[in-house]
Structure formats: structure tokens, C-alpha cells
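J.: Read off the chains here:
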Amino acid sequence: MIRVFDQGIEGAGLFMIEFGDIVPYFSVYTATLFTFAIIFTLLATFSIPEKQMDIIFGGDAYYAKEIKPQDLRFQRFVAIACGTATLGAVVTGDIFNFTLFAAMIGITNIGIVASSRSHHVLNAAYQYGIVAMIACVPLFGGAAMILATTGTLSIWSLAGIGAAPILAKILLLLGVMGEGMAPFYIGKAEITRAQGAPFILMVHVSSLLLFLRVVEIILVI
Amino acid sequence: MKRLHIQLIAILSGIILILSSIGAYLGAISYAISALATIIIFPAFIISIGLLLSAGLKDGDIPFMGY
Amino acid sequence: MIEYLLSAMILGLLLHGIHRKVIARVQGRPGPPIWQELLHTLKFLFKETWIPKTASQGLYVGVVALALAIWSAALILLLTGGSLLLLFALYLIHKIIEHGTGLSSGSQYSKFGAIRSVISAASELPLLASVALLYLFTGSLMISDIEAYQVINGPLLIPAFPAAIALYMVILSKIHYGPFSIIEAKELVSGYWTEHFGVWRGLLNAAFGLKTFVLLYTFVMVFIGPIGLPLTLLAILILMITLSFVCAVTPMLSPYDSVSIQTVTTGLIAIYIIYLGVFA
Numbered sequence: 047m048i049r050v051f052d053q054g055i056e057g058a059g060l061f062m063i064e065f066g067d068i069v070p071y072f073s074v075y076t077a078t079l080f081t082f083a084i085i086f087t088l089l090a091t092f093s094i095p096e097k098q099m100d101i102i103f104g105g106d107a108y109y110a111k112e113i114k115p116q117d118l119r120f121q122r123f124v125a126i127a128c129g130t131a132t133l134g135a136v137v138t139g140d141i142f143n144f145t146l147f148a149a150m151i152g153i154t155n156i157g158i159v160a161s162s163r164s165h166h167v168l169n170a171a172y173q174y175g176i177v178a179m180i181a182c183v184p185l186f187g188g189a190a191m192i193l194a195t196t197g198t199l200s201i202w203s204l205a206g207i208g209a210a211p212i213l214a215k216i217l218l219l220l221g222v223m224g225e226g227m228a229p230f231y232i233g234k235a236e237i238t239r240a241q242g243a244p245f246i247l248m249v250h251v252s253s254l255l256l257f258l259r260v261v262e263i264i265l266v267i
Numbered sequence: 007m008k009r010l011h012i013q014l015i016a017i018l019s020g021i022i023l024i025l026s027s028i029g030a031y032l033g034a035i036s037y038a039i040s041a042l043a044t045i046i047i048f049p050a051f052i053i054s055i056g057l058l059l060s061a062g063l064k065d066g067d068i069p070f071m072g073y
Numbered sequence: 292m293i294e295y296l297l298s299a300m301i302l303g304l305l306l307h308g309i310h311r312k313v314i315a316r317v318q319g320r321p322g323p324p325i326w327q328e329l330l331h332t333l334k335f336l337f338k339e340t341w342i343p344k345t346a347s348q349g350l351y352v353g354v355v356a357l358a359l360a361i362w363s364a365a366l367i368l369l370l371t372g373g374s375l376l377l378l379f380a381l382y383l384i385h386k387i388i389e390h391g392t393g394l395s396s397g398s399q400y401s402k403f404g405a406i407r408s409v410i411s412a413a414s415e416l417p418l419l420a421s422v423a424l425l426y427l428f429t430g431s432l433m434i435s436d437i438e439a440y441q442v443i444n445g446p447l448l449i450p451a452f453p454a455a456i457a458l459y460m461v462i463l464s465k466i467h468y469g470p471f472s473i474i475e476a477k478e479l480v481s482g483y484w485t486e487h488f489g490v491w492r493g494l495l496n497a498a499f500g501l502k503t504f505v506l507l508y509t510f511v512m513v514f515i516g517p518i519g520l521p522l523t524l525l526a527i528l529i530l531m532i533t534l535s536f537v538c539a540v541t542p543m544l545s546p547y548d549s550v551s552i553q554t555v556t557t558g559l560i561a562i563y564i565i566y567l568g569v570f571a
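Chains as they are written, first to last, in the numbering used here: chain A, 47 to 267; chain B, 7 to 73; chain C, 292 to 571.
It is possible that part of the hints are untrue.
Claimed, not checked - In silico DSS-like pairs for lysine-lysine, Cα to Cα no more than 27 Å straight-line:
(1) Lys8/B with Lys334/C
(2) Lys344/C with Lys334/C
(3) Lys344/C with Lys111/A
(4) Lys344/C with Lys477/C
Simulated from the structure, these hints should not be mistaken for laboratory data.
All chains, please: the whole structure from these sequences, using the hints.
T.: Listed below in C-alpha cells is the structure:
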């Protein structure tokens with residue numbers, strides 16, 4: 047099979063979908079990321095959340111917290127939205143679309159964290175929100191810099207010519223890291239207090255897949 | 007799930023796995039499709055085998071209730 | 292295909308057994324027989340199995356299937372000479388699986404393991420540094436290209452020695468009883484997989500056997516090159532024994548020390564990469 051963009055980075059190209067000038071492409075690499083995004087979105091859609099075990103201090107007693115379905119409706123919705131944004135981000139063939147999807151992943155991540163009622167978790171969501179907002183500046187700044195130097199944001203036109211400035215790539219990476227990767231995820235240690243394992247997991251899935259995609263974009267352009 | 011269903015899954019997935027492997031050797035199906043089928047079906051195969059092994063055929067012992 | 296997967300799984304479990312044996316001998320104990328981990332896995336498959344009432348059922352079973360799927364995908368990727376970047380991706384997804392395993396049951400112990408798994412995300416960074424360095428040397432991330440490069444230019448182990456150290460650290464951080472295995476430390480019972488019992492435990496064990504084999508095989512393939520099956524297996528065995536020696540003589544680090552050592556390693560390699568990229 048033919049390697050996508052003639053580069054030995056992500057394996058064979060499988061197929062692409064042409065939406066006008068927006069051309070998402072599936073290489074072996076992006077298709078794998080896409081598959082995992084689908085699997086985890088389905089898990090978030092259909093699995094019931096776990097019941098956390100709570101220990102009563104001063105004794106041997108413990109009980110399982112009950113969760114009402116209506117408490118989880120919003121969290122599930124945001125988790126699915128996050129999964130959908132991830133699906134877009136991992137296959138899009140356009141850097142502007144990628145940054146938009148990345149920002150949307152940041153927003154939905156805040157949503158997943160903020161739908162908990164615990165005071166600690168809400169605090170964490172607030173801090174997380176601030177970091178994600180700040181990270182939008184380098185994210186869009188990187189894309190703007192690429193547009194200003196090359197005149198295009200299509201990965202198809204940029205691939206392999208090495209025209210994108212290194213600073214723009216660094217900004218893009220910083221932006222994506224701020225949207226959810228270490229070491230900016232102040233909120234993540236706290237969100238694990240929140241219940242709803244399949245939804246909380248979506249925060250990590252989206253940020254890891256986003257990171258993997260941005261590494262690919264940086265290597266390709 | 008019923009034991010019969012698990013048995014069915016185990017046998018079916020096992021047959022598909024072996025066929026895809028043989029097919030790839032003989033060149034009847036492409037290596038990529040064989041690999042994809044293997045990756046998808048292998049977990050189902052091995053989980054169903056595990057569940058079959060763990061499902062006891064007879065009832066468990068009556069627990070010791072004290073004299 | 293299936294024959295490769297099953298043999299790699301059995302070999303991986305044997306490697307785990309050898310690992311335990313070597314650790315025991317270094318520490319002056321007789322140790323279990325080397326097929327112990329194999330028996331262990333089989334034993335778990337015969338145990339009574341259900342899904343805990345408190346667990347998130349889909350996730351609880353899903354992570355087991357995914358663990359098996361990603362490492363079989365990784366093995367097939369290696370055999371077909373696919374992209375090293377994709378292997379990196381699969382390795383990162385393994386992190387999500389560790390996390391999901393811990394969170395899915397609702398138990399405090401496994402949740403602690405899952406949180407430690409998030410903070411030890413630093414262990415992924417050396418792998419990224421290693422991949423980046425290899426890209427600088429060979430100009431391609433396809434394993435087939437890297438192998439072809441080594442056939443012409445000799446093993447990458449010597450010129451890309453820092454990358455080899457990074458990958459070695461990565462393997463060390465994933466191995467049982469190692470200095471970095473904070474996510475399954477004994478103060479958390481078994482860490483993130485405490486609540487996976489019976490068949491689930493056995494299958495996770497099998498998947499981790501496959502993982503050990505795949506990681507060691509990657510090391511041999513990427514840094515020593517194509518040397519034929521018997522020599523490759525020998526190299527894997529030697530690599531495993533060196534890892535066991537490291538595990539036997541180092542205590543388990545505290546979570547903060549573990550993360551800082553991994554981050555410092557990555558930092559040093561990043562400096563080396565920048566040096567290579569700018570000056571060489």
C-alpha cells in the first residue's frame with residue numbers, strides 16, 4: 047500500500063473523505079486512533095457508572111454510594127460530546143479544524159469535571175477551566191502563525207515541505223498539552239474523586255488521543 | 007450469558023481465527039484483513055475460553071455453616 | 292496470526308516466570324519454578340468468576356478485552372514492520388486501560404492505583420524521546436525502514452545509545468516488581484487490578500505477558516536489528532535477565548521519586564536530541 051504523504055511516519059493511507067476543501071484522511075495511524083475513540087465513546091454511552099465504596103471512619107463499615115440516573119445525564123452527554131470532538135480531531139486534514147476540535151475537547155473536559163457535585167471537584171474544574179482557556183492562545187496562535195507563513199492550513203498542502211515554522215509547532219504542542227495533557231492537568235488528580243468511571247475516562251482518552259494526533263501533525267508538516 | 011452461547015462464541019471465533027490465519031498463508035485473503043480480523047476476534051475468543059473454563063458443570067460445595 | 296499471538300503470550304508468561312526466578316536467586320531465595328506464571332494464569336481461568344456489583348460492568352470487562360486487543364495489535368504491528376509511532380500510540384492506550392481497570396470497580400485500592408497510573412504518565416515521555424531520536428537517525432518511523440537502516444549501517448544501539456536507555460527505562464517501568472511499579476505497589480493490595488479476579492485477572496495476566504514480550508521484542512528489533520529468530524529470542528532473554536537484576540537490587544521508589552527520575556531521564560534525552568538536531 048502507498049504510504050500517506052510519502053513519509054515513513056504513519057503507515058499506509060487507507061482512504062479519505064472529501065467535504066469540499068476539508069479532507070479528513072484515514073491512515074493506519076489515524077484510523078487506529080479513530081477506532082479507539084469510537085470504542086471509548088461507546089463505553090461512555092452504554093456502560094453504567096461504578097458505585098464508589100465509601101468507608102465510614104471509626105469502624106469497619108462501608109457502603110456503596112447510590113447514583114441516580116438523572117444525576118449522570120449531563121455527565122454522559124458531555125462525555126459523548128467529548129468523544130465526538132475527539133473523533134473529529136484525530137482524522138481531520140486541516141489544522142484549523144484540528145485546533146477547533148482541540149478547544150472543544152478542552153471545553154467538554156471541563157464539563158465532565160464540572161458535572162460533579164463535590165466541592166473539591168468543582169474547585170478543580172474551575173482551575174482546569176482557567177488552564178484550558180489560557181491554552182487556547184498558543185493553540186490558535188500556532189495555527190495562525192502557520193497560516194501567516196505558508197498561506198494555508200491544509201495538512202495536504204503542508205505535508206513534507208517543511209514550511210511550517212518550528213515555533214508554530216511548539217505553540218501547537220503547548221496548546222494541546224494545556225487542553226488536557228500533563229503537567230497542566232491540575233484538575234485531574236481531583237476529578238478521580240468524582241464518580242462515573244466511563245465518563246472520567248473520556249477526559250484521559252480525549253487528551254491522549256489529541257496528543258498522539260498533534261505529534262503526528264508536527265512530524266508530517 | 008448461557009453456557010451454550012459462550013460455547014458458540016468460542017467455537018465460532020476459534021474457527022474464524024484459524025481460517026484467517028490459513029487464508030493469509032495461502033494468499034486467499036490479504037494479510038491486512040487477516041490481521042484486522044485476528045485483532046478484533048482474538049479477545050472474544052480468549053475471554054469466552056476463559057469463561058468456559060471457569061464455569062463449573064456441577065453445583066458448588068455447600069458452605070460450612072457451623073456445627 | 293493466532294499462532295504468533297499464542298506463542299508470544301506463552302513466551303511472555305515464561306519470561307515473567309524467569310523474571311521472578313532471577314529476582315529470587317539474586318535475593319538468595321529458591322524462587323518459584325519458571326513456568327509458575329503460566330500455571331498462575333491457567334489457575335485463574337478455572338476460578339469462579341463474576342462481575343462485582345459495584346463495578347461499571349461494561350468498562351470492567353471492556354478493559355480486559357482492550358488490553359488483549361492492543362497488545363495483539365502491537366505484536367502484529369511489529370511483525371509487519373509498521374509504524375513506531377503507532378506502537379507508541381498503543382502504549383499510551385495501555386495507560387488508559389490501566390486507568391480504566393482501576394476506576395471501573397469502585398474500590399478505593401484500585402482507584403489509588405489508577406491515580407498513580409495518571410501521575411506516572413511521566414513514564415511515557417522517555418518513549419517519546421526515544422522515538423524522536425530514532426527519527427533523527429533513520430528519517431523514518433516505519434520499523435521495516437529502521438531494520439533496513441540497521442542492515443546497512445549496523446545496530447542502532449551504539450549511535451542511538453540514549454534512545455536505547457530511554458526504551459529500557461520504559462520497559463523497566465512496566466515490569467512487575469520493578470522500581471517504578473508504583474501502580475501495583477503492595478500497600479494498595481495489588482494496585483489498579485486488585486478487583487479483577489478469576490478469569491479477568493488471568494486474562495489481564497496473559498495480556499501483560501504479551502506486553503512484556505512485545506516491548507522486549509521492540510527493543511531488540513529497533514536497536515539490534517534483524518538477527519534471525521533464535522538470536523532474537525536469546526537477546527530477549529538476556530534483556531529480561533538484566534531487567535530482573537535491576538528489579539532485584541532496587542527498592543520500589545516512592546511515587547514522587549519515580550516520576551522525577553523518569554522526567555529527568557526524558558529531559559536529558561531531550562537535551563541530547565536538541566544537541567543532535569542543532570549542532571550535528
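J.: Each hint: holds or not?
T.: Consistency of the hints with the structure:
1. For a cut-off of 27 Å, the pair hint linking lysine 8/B to lysine 334/C stands: about 22 Å separates their Cα positions.
2. Proximity of lysine 344/C to lysine 334/C is assessed by CA-CA distance (about 23 Å); at most 27 Å being required, the pair is judged to hold.
3. Taking the CA atoms of lysine 344/C and lysine 111/A, the gap is about 12 Å. The hint holds against a cut of 27 Å.
4. Taken as a hint, the lysine 344/C and lysine 477/C pair is honoured in the structure, with Cα atoms around 24 Å apart against an allowance of 27 Å.
In summary, this structure violates none of the numbered hints.
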